[in-house]
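J.: Each chain, written out:
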Amino acid sequence: MKLTPPCSISLEPRGEKRPSAGQAPPSLGFVGTLAALIGMAMAPARAAEVSCLGCHEEQQKLFVGSAHAQAGLSCPDCHGGDPRVASESAHNVPGFKRPDTKQEIAESCARCHSDVRRMNPYGLPTDQLERYKTSKHGEQLFGHGDQKVATCTDCHGVHDILKVRAPQSRTHPTHIPQTCGRCHSDAKLMSQYQLPADGVAKYLTSYHAQLLLEKGDLSAPSCITCHGNHGAVPPGAKEVGQVCGKCHGRQRELFEQSPHAQAAAAGTFSECVSCHGHHAIQKATADLFAQSCVRCHAQEPKSLARRDVIATLIHNVQGAYEHATARVKEATLLGLATEDQQVLLQEAKTQLTQLEALQHTLLPEQMQPVAARADGIVKAVIAGIDGQERNERWKHLALAVCWGFMLAMAVIFWLKRRELGQKEKP
Amino acid sequence: MKRLTQYSASIRSWLAGRYDIGAVEAFAEEQAHKPLPTHVGFWHTFGSLSLFLFLNQVVTGILLMIYYRPTVDTAFESVRFIITKAHFGWLIRGLHAWGATLMILCVLCHMLRTYFMGAYKKPREVTWILGVLIFGCTVTFGFTGYLLPWSQLSYWATVVGTEITGVIPFFGGYLKTLLRGGEGITGETLARFYVLHVVVLPWALTAFIAVHLFLMRVQGLATLERVGEEKPIPKGVGIPFFPHHVLKEGIVFCLLVAVLLTLIVGWPIELGEKANPLSTPVGIKPEWYFLPTYQLLKYFPKMIGLLVSLVPPLLLLLWPFLDRSPERHPKKRRVAVAIGITALALAIVFGVLGHISESTRSFRGQKYEFDMYSVPHRVQPGTHP
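Chains Y and F are the protein sequences, given in the same order. For our numbering, add 465 to where a residue sits in the first sequence, where the first one is 1. For our numbering, add 36 to where a residue sits in the second sequence, where the first one is 1.
Some clues are possibly wrong.
[To be verified] Computed footprint of chain Y on chain F; a stretch qualifies when at least three of its residues, placed anywhere within it, have a C-beta under 8 Å from a C-beta of chain Y:
id : stretch
1  : 116-126
2  : 276-285
3  : 299-310
Hints are computed from structural coordinates only; laboratory data are not their basis. This one's a predicted model, so the numbers in the text were calculated from it and none came from an experiment. Ideal Cβ positions, reconstructed from N, Cα and C, are used throughout, including at glycine.
Using the sequences plus the hints, can you model the full thing?
T.: Okay, structure coming up:
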């Protein structure tokens, strides 16, 4: 047996020189045996049986680190051909495939990825192709034969496909905006479909992107969270609430109680998007009321008055909470016991979060009790800190008494010393 | 009062029946009334103030040990408990933390007085060397004690402080590992510093102080006369130790206690945040008494800096043997006095430079950013920081 480096592909035709069953392998010596064992442990067994490397070295380099290589696949599993032949004639066999169209690529991948038995050990779903066919990409490809739309390899790569959870993978959550943006930020390409090309750029300015890309929060949404992955479609106006509600469930539930829910049902209000926008969604603050409501209600004093009540409630509780947090931090650094106040602050934060969600009802009467509870807790925090600071003041009083005593003692000692000095004068 | 006198007499009588109490009384009487040189003034009280502060450190240290827990998980929390929950814990910790600073200050003043009055000269060289060792022990106390609260500042100051030992050739790496108990500052370091702080250093310092005091009482305080020309002070000429000098010490002691309490109440030493080895705070600096060395080390490559910073303590230790002049009076030792003043001025200058380095300060309405060498850079309005 010819020894090959780990993870490389042998040029020897399959089966040639291999010992038959029951036949002892040729002696390799100790070092050779050790190297062979290491090679066997590190290289996928089937990858060492393929002769494609002679011509396709570049592809092989990409392939060795891929998820498919780790799973023990090799070139013939996708391309067919005769791996025993180390020349171009290897292609000249029935079953050799060189996927020429994107449909063929999708179907080629689906041969395994739609096979429940094969995918079961990896815990992978098997409906990707079916989902893909329902996507805009799939509709264009399978319906119109459009070769410019994305298929499996456009997003996952070709020979160097990595598992989604691998940090270098094109489909890792942090790389999704970049992967989608390869086409969706191409103004020329997008203009052919009358699609905007600034979606990804806008997303990158959003709070969602900040969470995902700056804070590394992998639960924060990327493109596929809202649009889907294999079944990627833009959510319609009526579906936006459902999409956002996947994460913001409580807000979605409360929104249903608001006057806007009726307008959304009537198709005159675009649920979350009307106030928050879509790709460039920013962290919502009470200031959003000042910008959003006037777009539709500029001429409605009653609606604006309700807006002011809601915004003021939130603004006041947020301000009071921040003030209390700062006081507790300051007191902690000064060495005061603030454990009880810190527990209360957690409770105030819970009330504030609840209040922020309740604003989606647009019903001040539902918000006021929560705001009052939060306010009461914050006041208790401040009162606790004030009480401790008052206790600190007796220290200053005690200090004044100490100074008085020490000065008196010092004066007595000084007078005694002077008296002694005068007595001893000749 | 009469009854008290009776009790006292009975105890004395009980003791006299068993021990030679008369000899002890005679020794105490002699020591108490031993005449001191006539130039002894308020500057001579820093020694006894240092001793008082050492006793303060011992007593408050024992009290702190009741609640302090020297592990990474509990050190910070236990100190927080002491200052927030334990009865008068804030006072005990304040007395210990501010007491340490004042002790270093008093020891320094005592050394300066000894230096400028030439009291280290023959026959008191050993007393001086012991004094230098006492000073070394005191700052080592400060260094080891600084880590114990396990706060961000204490953790990172110790990282910086122990890092310098690594540059010593040949055994620097070993010494650093020995000091830290591993590669980084961990629970092992905390345990080592705790043992040094509460066991090794207190006994070492007690021994040094005991011999220092013994020599001082046996040889008496130095006069301002030339070496070899000191005359014994006749009774009735010098200042009696008791009550004259003790009264003087009493005055200074009262003021020191008042100042100590003011510092505790007015400027409580903040505990800050718990140590986080993954987050380095900006502008980490050591305690004030290490600032001159800290700043000096920045101007030299590590190894040279270490050698340069070893010069002052070595000079201090060997000074009685380097200064061969028999004169004691400062007016007759102009060179030595000039060297002393220059060294003091340099220490203050480097200390101030260390304090203002890596900070942004305003001067006459203009913002300046001081780099690590304390060179000011004008900050243009509207720029960061």
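J.: Can you tell me if the stretch 276-285 of chain F counts as covered by chain Y, using C-beta to C-beta distances under 8 Å and a minimum of three residues?
T.: holds (count 4)
J.: Can the stretch 299-310 of chain F be counted as covered by chain Y under the rule of three residues or more with Cβ-Cβ separation shorter than 8 Å?
T.: holds (count 7)
J.: Per the coverage rule (Cβ-Cβ under 8 Å, at least three residues), is the stretch 116-126 of chain F covered by chain Y?
T.: Since three or more residues must qualify, the claim that chain Y covers the stretch 116-126 of chain F holds, with 5 doing so at under 8 Å.
In the structure shown, no violation is registered for any of the earlier numbered hints.
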